[in-house]
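Please build the complete structure, drawing on both the sequences and the hints.
Protein chains: 2
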Amino acid sequence: MKLNLMPVPAQIKLSDGTYKIDENFSIQIRGETSDRILSNAARLMERLSGRTGMTFKQNYLSFENDVTLPGLILEYDRIGCLRLFEDESYHLNISTKNILLKAQTDIGVLRGMETLLQLFSSDDTGYFFPAICVKDEPRFPWRGLMIDVCRHFMPVDVIKRNLDGMAAVKMNIMHLHLTDDQGFRIECKTFPKLHELGSDGYYYTQEQIKEIIKYADNRGIRVVPEFDIPGHATSWLVALPELASAPGPYQIERTWGIKNPVFNPVTEKTYQFFSRFFEEMAGLFQDEYMHIGGDENNGVHWNSNDEITDFMSKNGMTSILELQNYFNKRILEITSSYNKKLMGWDEILQPGLPKSVVIQSWRGHDFLTESAQKGYYTILSNGYYLDLNHSTEFHYLNDPVPADSSLTPEEQKYILGGEAAMWGEVVTAEIIDSRIWPRNAAIAERLWSQATIRDVDDMYRRLEKMSFQLEELGLLHKKNQFMMLKRLVNNRDITLLKVLVDVLEPVKDYLEYRPDHLTQQSPMTRTVYATEPDSTTARKFKKMVDDYLSMPNQQTGDIEDLLIQWAENHTKLSPIIAVSPILKEIEPLSKNLSEIAKTGLHILEYVKQQKPAEKPSIIKEWQSRIEKAKQPYAQAEIIIVSAIEKLANKLK
Amino acid sequence: MKLNLMPVPAQIKLSDGTYKIDENFSIQIRGETSDRILSNAARLMERLSGRTGMTFKQNYLSFENDVTLPGLILEYDRIGCLRLFEDESYHLNISTKNILLKAQTDIGVLRGMETLLQLFSSDDTGYFFPAICVKDEPRFPWRGLMIDVCRHFMPVDVIKRNLDGMAAVKMNIMHLHLTDDQGFRIECKTFPKLHELGSDGYYYTQEQIKEIIKYADNRGIRVVPEFDIPGHATSWLVALPELASAPGPYQIERTWGIKNPVFNPVTEKTYQFFSRFFEEMAGLFQDEYMHIGGDENNGVHWNSNDEITDFMSKNGMTSILELQNYFNKRILEITSSYNKKLMGWDEILQPGLPKSVVIQSWRGHDFLTESAQKGYYTILSNGYYLDLNHSTEFHYLNDPVPADSSLTPEEQKYILGGEAAMWGEVVTAEIIDSRIWPRNAAIAERLWSQATIRDVDDMYRRLEKMSFQLEELGLLHKKNQFMMLKRLVNNRDITLLKVLVDVLEPVKDYLEYRPDHLTQQSPMTRTVYATEPDSTTARKFKKMVDDYLSMPNQQTGDIEDLLIQWAENHTKLSPIIAVSPILKEIEPLSKNLSEIAKTGLHILEYVKQQKPAEKPSIIKEWQSRIEKAKQPYAQAEIIIVSAIEKLANKLK
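Chains D and X are the protein sequences, given in the same order. Going by this note's numbering, the first sequence opens with residue 1, and the numbers climb by one from there. Going by this note's numbering, the second sequence opens with residue 1, and the numbers climb by one from there.
Be aware that one or more of the hints could be misleading.
Identical copies go unnamed one by one, so any copy, or any two together, can satisfy a pair.
Unchecked claim - List of simulated lysine-lysine pairs, DSSO-like, C-alpha gap at most 30 Å: (1) Lys-20 - Lys-591; (2) Lys-57 - Lys-193; (3) Lys-584 - Lys-20; (4) Lys-584 - Lys-2; (5) Lys-160 - Lys-486; (6) Lys-572 - Lys-540; (7) Lys-630 - Lys-646; (8) Lys-374 - Lys-329.
The set of hints was computed from the structure by calculation and includes no laboratory data. Just so we're clear, the structure is a prediction, and the values are computed from it rather than from any experiment.
What follows is the structure, given as structure tokens:
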């Protein structure tokens with residue numbers, strides 16, 4: 001039996017037989033009951049009930065503990081605490097008689113419940129769980145997803161459904177990037193002008209934050225807030241021009257990139273402000289950690305402010321980074337006084353920084369290594385930037401502690417894990433799920449499962465199952481594509497457009513993917529936003545070609561069918577493009593797909609006959625078509641070209 | 001040019017030419033600006049931007065009024081007030097140069113904006129609005145949708161997306177059925193035990209209610225709360241057993257139907273409680289109306305309580321209705337003191353009821369007529385019960401004031417309009433949209449458009465366009481079906497299952513649709529819940545058959561194609577059913593569909609050859625197969641059988 005578990009547990013032992021469920025299935029809770037365990041048990045029953053159509057006899061809104069023959073026993077020693085290094089291990093034993101899920105904490109039980117749900121199966125005898133013994137615990141204690149809600153605001157629902165997804169793949173930290181140049185997204189009662197002037201009305205009320213924290217807690221997930229300072233701060237300075245390093249007034253930024261506005265680090269007013277601000281936020285957010293950003297301060301406004309440059313020379317500071325280090329230490333004093341530990345992007349790793357600060361590496365593995373060597377706890381985000389549209393494989397193989405790591409085992413202990421990062425420049429609530437999922441499930445596995453779990457094909461096989469289960473939970477990565485395609489063709493048939501979109505991906509380069517003319521107001525409804533960052537069709541086609549090239553005696557029927565479909569698609573799609581002006585920009589892609597597919601058929605003929613191309617001019621011609629087809633348009637590119645290039649290279 | 005407007009405006013005059021839009025398109029607001037108008041203008045820009053992919057140059061987050069050449073001018077005399085009889089008329093004039101949308105109130109402007117968005121078109125020259133002049137106003141001032149959030153709680157998001165849908169079809173009242181035997185769904189600060197004990201934790205906080213009211217106000221929609229008393233009150237009495245008519249304790253009801261628990265109307269404590277309760281609710285809900293339910297009090301607990309029967313005889317009351325009338329008048333005194341007008345279901349129409357009370361007719365047109373004749377304002381819900389799964393046509397042709405109405409013109413003025421009713425016994429957040437939409441759009445048209453607009457085929461034609469636009473707005477009536485089918489087959493291919501589901505409908509009879517063994521805990525994930533209440537495929541098939549029978553010389557290819565597809569479907573679907581235990585219950589439907597389709601092909605041959613069936617035994621055999629195929633299973637029925645029966649009848 002092939003299991004579909006994701007992330008793969010530490011130890012699995014399958015036995016013979018199954019545990020069958022029917023309407024008598026019931027749960028017994030052995031441990032101090034808590035909201036967390038009650039509502040997760042109820043949700044588990046609901047999910048099983050949803051899949052089986054069964055009305056279970058046990059009233060799962062009020063679990064009694066006097067069940068005589070429980071189907072599932074949830075046993076734990078204590079209520080877990082949502083903090084770093086909390087025990088999340090569990091032990092799941094499914095026999096033909098019942099299911100025992102044991103853990104030290106209720107959080108461990110939650111992790112095990114997700115494994116259990118992934119084991120749920122059916123055949124012609126009914127619904128069942130396979131008999132199995134699972135012993136499991138995470139490899140890293142910090143397994144996060146960062147969502148930037150500043151560039152485009154994300155309503156509470158987006159956060160909630162992503163928390164559901166995170167819980168399903170055993171992630172345990174939701175990092176909310178709450179402030180940036182383009183938006184201040186949190187209600188501040190002490191300084192209400194912050195959210196009033198800095199958000200266009202799109203911000204989380206404190207009630208909503210409490211709701212999110214409660215929802216996350218319920219799923220065993222910490223919520224770490226980020227207040228990005230001293231740079232990336234334009235939206236704050238709209239309300240606080242007097243704390244800026246250059247004269248105001250300021251307006252919310254509508255475009256992307258590194259901006260100049262930055263807090264003035266040499267006036268005491270700045271720290272007086274932050275003292276009151278963090279006092280309020282420390283009360284609102286329960287987690288022991290707070291993130292203060294600290295990235296991409298370009299120093300332009302600091303260098304052009306005499307007061308600031310005077311302060312630097314008086315204090316013997318020769319670089320912007322030294323001044324920022326001073327700023328960070330002042331902020332650290334403030335947040336420490338409210339019992340919060342700090343974290344920041346890797347720029348904050350400067351001399352004299354206390355060892356309690358966690359470093360988040362975004363610029364590269366080098367900073368991760370440096371942090372660990374210097375004795376700072378650190379997490380990896382470089383290589384986990386979901387907005388860069390890289391393949392799942394790329395993220396999956398990006399290990400915080402690769403096999404060839406130069407770190408000593410002692411140093412490796414400082415590597416806490418990692419965080420996927422979903423920056424918000426080119427996402428809306430409609431498309432964000434498709435940018436996070438299912439790829440994030442592979443990152444979750446990298447951070448939970450053992451380092452040796454690296455079989456890419458098997459990962460993709462399981463990811464397809466996981467993707468469906470994530471949609472079942474309410475994520476919209478597939479569902480919304482249908483609507484988007486319908487909108488593009490104004491409710492006409494989407495079949496032909498989908499053939500094209502299925503082999504397109506967004507370009508991987510920021511410069512192309514975020515062209516200058518796009519602003520915060522630009523719609524994310526164009527074709528590129530309906531493409532998958534890691535095209536399933538293209539991946540399967542590439543695999544077919546690879547398999548064929550490694551064993552050329554195989555049938556090529558499947559490859560040809562796809563090539564023929566693509567070759568014929570443009571002629572059929574053209575009339576729809578003609579009356580859908582929003583599709584005009586992808587006409588070259590449609591045309592190029594058909595042309596490269598025709599070329600592909602041609603090349604395939606040669607490969608099949610195992611004869612080299614008779615004339616160099618033909619190869620040259622093919623090469624030029626291949627280059628042409630690689631050309632991106634409208635921020636998207638045809639992703640099957642590389643497979644055709646491989647075929648052509650076979651003839652060289 | 002065929003327009004796709006829904007509801008059809010009062011007057012339309014098409015001209016030659018179009019108004020084309022490009023990135024210079026801008027809006028000018030001529031009138032006192034309000035949040036309502038600003039956010040709707042921004043949303044209009046966003047929707048156009050979404051459809052065209054254009055980044056408009058105007059910053060629609062802060063409309064300036066110094067636009068030199070506005071594409072769209074919004075002009076109105078005053079900010080409208082959300083109350084009965086408020087002016088909602090508008091005048092929309094699209095020329096080749098610009099668009100002028102004029103109204104007396106900003107609410108009228110909102111109604112016109114929806115018409116404008118429905119006129120949006122594209123062709124190979126680009127995006128445009130057709131030149132047109134529309135003068136429009138509603139036929140009825142009360143055009144509502146009632147949602148029961150008690151039997152199954154509906155999260156805020158469900159309400160919000162339905163408010164979006166309502167606004168799109170110009171409905172103006174969201175009636176929230178907030179309390180019933182199965183749940184007390186609103187936070188009560190004066191008596192917190194009400195929501196704490198009566199809701200399983202599923203209720204709206206007052207903050208959420210404010211959010212809903214604001215969201216609705218923003219769309220020109222009133223929110224009318226219903227507190228159903230004195231019956232349908234079990235969930236209140238869990239917290240207030242001392243106010244019940246029979247001894248407690250009480251528990252939240254988990255099953256459906258008419259229950260006995262009812263408030264005690266003869267103790268002053270009841271009215272002391274309601275005085276404080278309504279004081280709080282009158283402050284929370286802004287609308288001038290409050291709904292007190294009043295339906296289906298079966299009197300069992302009143303008749304068995306000596307104190308109550310004594311009170312009745314002392315006061316010369318001989319019926320339960322008289323006592324309830326007493327109760328209603330006492331409640332009316334209370335709510336009047338908080339400046340609220342009352343409404344209730346038609347049972348409350350009893351002697352001496354003040355004329356300020358609005359009567360909602362659910363039991364039949366007779367009660368509507370009676371109310372109007374007696375001089376009470378009244379609205380129709382009978383015939384608009386969406387949970388009964390009737391066809392769109394049925395609801396569409398149900399007119400509050402039919403052409404043959406016996407009411408005088410003077411009496412007709414008391415008929416304010418109607419309300420679609422979405423009772424919550426057999427819906428969840430996942431399926432409720434498919435029960436409300438798109439059928440509710442036809443009810444909205446009945447209540448807005450002139451009585452003469454009754455072309456059913458044209459309604460269905462426009463409804464298909466509207467259905468798509470509703471999905472574009474965020475409703476999930478189509479989107480969620482895909483997920484539901486995938487869940488049923490555990491992520492296998494859904495094509496074959498969909499062939500079957502597309503010709504099934506939920507049974508129309510409550511008794512069958514809500515079988516006794518189903519409770520509040522039963523999953524709404526079985527096949528019946530993935531069916532459309534008004535099957536599009538079946539409707540189109542029936543139309544083909546009707547067209548053919550009226551002109552038998554036509555081609556029958558389309559009819560045969562469908563029959564062949566159905567005839568072959570069961571054999572193909574069987575292996576999927578075999579491994580999906582949740583589908584076992586629909587196996588007879590699958591089998592019967594294939595059999596009746598084969599019979600249909602057989603009958604069609606006879607009809608084509610225009611020969612009567614040679615043997616009576618054949619007709620008898622057909623008839624018995626038809627009867628067999630009509631048999632519902634698993635609360636669903638095959639809905640194309642009637643068309644095959646029509647074919648057979650042709651041979652009689």
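Hints, one by one, checked against the model:
| no. | hint | in the structure |
| --- | --- | --- |
| 1 | Lys-20 - Lys-591 | between (53 Å within a copy, 28 Å between copies) |
| 2 | Lys-57 - Lys-193 | between (53 Å within a copy, 27 Å between copies) |
| 3 | Lys-584 - Lys-20 | between (55 Å within a copy, 17 Å between copies) |
| 4 | Lys-584 - Lys-2 | between (45 Å within a copy, 25 Å between copies) |
| 5 | Lys-160 - Lys-486 | both (26 Å within a copy, 22 Å between copies) |
| 6 | Lys-572 - Lys-540 | both (24 Å within a copy, 26 Å between copies) |
| 7 | Lys-630 - Lys-646 | within (13 Å within a copy, 58 Å between copies) |
| 8 | Lys-374 - Lys-329 | within (18 Å within a copy, 78 Å between copies) |
Of the hints listed earlier, there is not a single one the structure fails to meet.
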